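Number of protein chains: 2
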Amino acid sequence: MDLLDKKHLLAPGPVPVPPRALLAMAKPVMHHRLPEFSAILEKIREDLRYLFQTKGDVLFFASSGTGAMEACVANLFSPGEKVIVVRGGKFGERWGELAETYGLEPVYIDVTWGEAVSPETVAQTLEENPDAKGVLIQAHETSTGVKHPVAEIAALTREKDVLLVVDAISALGVYPLPFDELGIDAMVAGSQKSLALPPGLSFVALSEKAWARAEAGKSPRYYFDFRREKKALAKQTTAFTPAVSLLYGLSEVLSRIREVGLETLFAHYARLSGACRAGVKALGLELFAKEPCEALTIVRVPEGVDGARLMKLMREKYRVTMAGGQAKLKGKVVRIAHLGYQGPLDVITALATLEMALNELGHSVELGAGVAAAQKYFLKEAQK
Amino acid sequence: MDLLDKKHLLAPGPVPVPPRALLAMAKPVMHHRLPEFSAILEKIREDLRYLFQTKGDVLFFASSGTGAMEACVANLFSPGEKVIVVRGGKFGERWGELAETYGLEPVYIDVTWGEAVSPETVAQTLEENPDAKGVLIQAHETSTGVKHPVAEIAALTREKDVLLVVDAISALGVYPLPFDELGIDAMVAGSQKSLALPPGLSFVALSEKAWARAEAGKSPRYYFDFRREKKALAKQTTAFTPAVSLLYGLSEVLSRIREVGLETLFAHYARLSGACRAGVKALGLELFAKEPCEALTIVRVPEGVDGARLMKLMREKYRVTMAGGQAKLKGKVVRIAHLGYQGPLDVITALATLEMALNELGHSVELGAGVAAAQKYFLKEAQK
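Residue numbers (numbering that gives the first Met the number 0), protein chains in the order written: chain A, 0 to 383; chain B, 0 to 383.
If we strip away everything but chain A, and leave its shape as in the complex, we get (with noise of 0.2 angstroms):
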């Protein structure tokens, strides 16, 4: 029963969507090429370009995340040619999956699980590899919760001929990523993250140097042709039917940031994700990752509890969604995700249920402790 079974979503992505967001959602289907519409069009594209830190144009498209990391596949280069991927999880390996699937050659960095990339390892397989073309990473690996070095690799590549190109799904508006300012190439995000929307709304900002290998590229695509789409944004539409709804979502979401501001954003989540790992550590847990992100804490399951009963628990009886681990981290991590319409009591919500979880698994946790670092984490906060 809805009444007496009140959800919480703290997973990372679907995430909770505003009220102003969801009414905005609900307002009547209209028309996609009426003249109305393209008004909201040309607002996105502006919000957008605030949004990424870029001058230029950053495409969207009605499909999931990785329909754009396809895309910048598909586009930014032709079969036969060497990309290095940076595999220290799950997509990680989804980069690989593509460029395989696309017939490149993919020279793999593989990279610990938990742990982030070193520069040095991406200069010197860069050094090993003259002729790659280009770099495919995540700006945070959202399996793990680690973040990769982005503006340090960026360095390496920008005065190169190689392509860096960012998986900032669950990155974008969480922590700084200056598209321009970086000289990153093609980055790619999501709606259903820190946009606090619900999933179907994927994005792609590019450099000049990418919009010049994507007119030259040789894969086939249709749907997410980069030049079909950057033609009809010229003309304030779409190529193809763009998802009216999410639309109407987007542009108050991205009112709401340019309202605020890009900072304002950023200190939210690091507020946020502080108290988490403040909490986390309260309880004698371990956390997976070593360079940690502000979009999700992830807890490694401790010795003894099940891992899928535990979420099982979380998930039946308090009602609390988080996500467990993916791929090899199945049963090991609980990923607690800070992303979306999500305050400071949403830590506290996240923590209180853990620690009840986890003494009912047989994990005995002082009742309270983890909330209790997270709170004196928020206090200290508003003495700043």
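Take the hints with a grain of salt, since some may be wrong.
Here are the simulated DSSO-like cross-link-like pairs (lysine-lysine), alpha carbons at most 27 angstroms apart as the crow flies [unchecked claim]:
#	chain 1	residue 1	chain 2	residue 2
1	A	379	A	280
2	A	280	B	311
3	A	375	B	311
Chain A regions said to be covered by chain B (calculated; three or more residues, Cβ under 8 angstroms) [unchecked claim]:
#	stretch
4	137 to 143
5	244 to 257
6	316 to 323
7	336 to 343
8	352 to 360
By construction, these hints were calculated from the structure, which means they are not laboratory data. Just so you know, these numbers come straight off a predicted model, no measurement behind them. Every residue, glycine too, gets a C-beta built ideally from N, C-alpha and C.
Take the given structure of chain A and dock chain B to it, following the hints.
Coordinates of chain B only, in the frame set by chain A:
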């Protein structure tokens, strides 16, 4: 900004509304004289009998709860008639104001705020006033959190020519008040409490004894005329334009309540209020009510803390809206409601917020200690 500004509503009305009810109320408005609407009314009529635990009709009005209180005074008594009014808080005072407005002669039983009336006092007052036509009381005083002994008082009035009129606005559906079994004569409720709907609907259940009085009553009444509504309801309609969308929501919520059963609803509120009281005590804070009800937990603001500042801090900084004290309790208590679309983690939210805010205002409480006591309560409950 909505996105960075998640709000929590923990006041004793309005309350958070569950998504299913919000969606039901978002359905297109239909005309209220159509057969389809009559079918909805007939279903609501049956479901309200279940909720009030009565065989008779439960009337409903497009009004706040006060409208239905006024309706009781206007329909059930005539000018010059004597009524006994239990005044132990702001809502007891409201019965008195209504009685005076309609030219009744109220005999007041003034009870110290925070205490319940004793059945002996009511018995004695009835004896001293054999001409009294009614006893007007609250099931609990929402201003003080105190539960009055309605069952015991009903035993006094049941066999007499005296109507027991109970304001159960925030009590219906929270704990047992079986209307027919106890022999209550009129019981008032509102939509914005345990029914988890927006404000705008009020309800009155009536005994046969009450109906006889309503037929004979001499006070002016038109919109709130019980006789008119009863006739309309028998024809599966309403005397005046009903609040169509709120009734869609009501139908949805009543369906859910029938699905899970009243006992489950009562157990839910007992659990939330029990955990909240445990948390408050663990913080060394004082509960205001001696006989607390399950709808809300009222905490005395500690010495040296400015109650208005405390409420403002929780509302503006933590975005948690609890209720402050009313009338003579202004600034002296915090009222944490458990009503509506809430679960255990809202109790955690309330306690964590109170802990942080009290510390910020210089009243040191152990961070996490109230939360831990509530967690222990929930875990113990779970083992039952």
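Residue 379 of chain A paired with residue 280 of chain A [C-alpha distance capped at 27 angstroms]: Since the Cα atoms of residue 379 of chain A and residue 280 of chain A sit roughly 17 angstroms apart, the hinted pair holds (cutoff 27 angstroms).
Pairwise hint evaluation, residue 311 of chain B against residue 280 of chain A, where the allowed Cα distance is 27 angstroms at most: With a Cα-Cα distance of about 32 angstroms, the restraint between residue 280 of chain A and residue 311 of chain B is violated, given a limit of 27 angstroms.
Given hint residue 311 of chain B paired with residue 375 of chain A - CA-CA distance at most 27 angstroms: 20 angstroms, holds
8 angstroms C-beta criterion, at least three residues: is the stretch 137 to 143 of chain A covered by chain B: This one is violated; 0 residues, fewer than the three required, reach chain B with a Cβ under 8 angstroms.
Whether chain B covers the stretch 352 to 360 of chain A (at least 3 residues having a Cβ closer than 8 angstroms to its Cβ atoms): Coverage by chain B holds for the stretch 352 to 360 of chain A (5 residues, Cβ < 8 angstroms).
Coverage criterion applied to the stretch 336 to 343 of chain A (partner chain B; beta-carbon cut 8 angstroms; 3 residues): Holds, because 4 residues of the stretch 336 to 343 of chain A bring their Cβ atoms closer than 8 angstroms to Cβ atoms of chain B.
8 angstroms C-beta criterion, at least three residues: is the stretch 316 to 323 of chain A covered by chain B: holds (count 4)
Coverage criterion applied to the stretch 244 to 257 of chain A (partner chain B; beta-carbon cut 8 angstroms; 3 residues): Holds, because 3 residues of the stretch 244 to 257 of chain A bring their Cβ atoms closer than 8 angstroms to Cβ atoms of chain B.
In summary, the structure is inconsistent with hints 2, 4 from the numbered list given earlier, while agreeing with the others.
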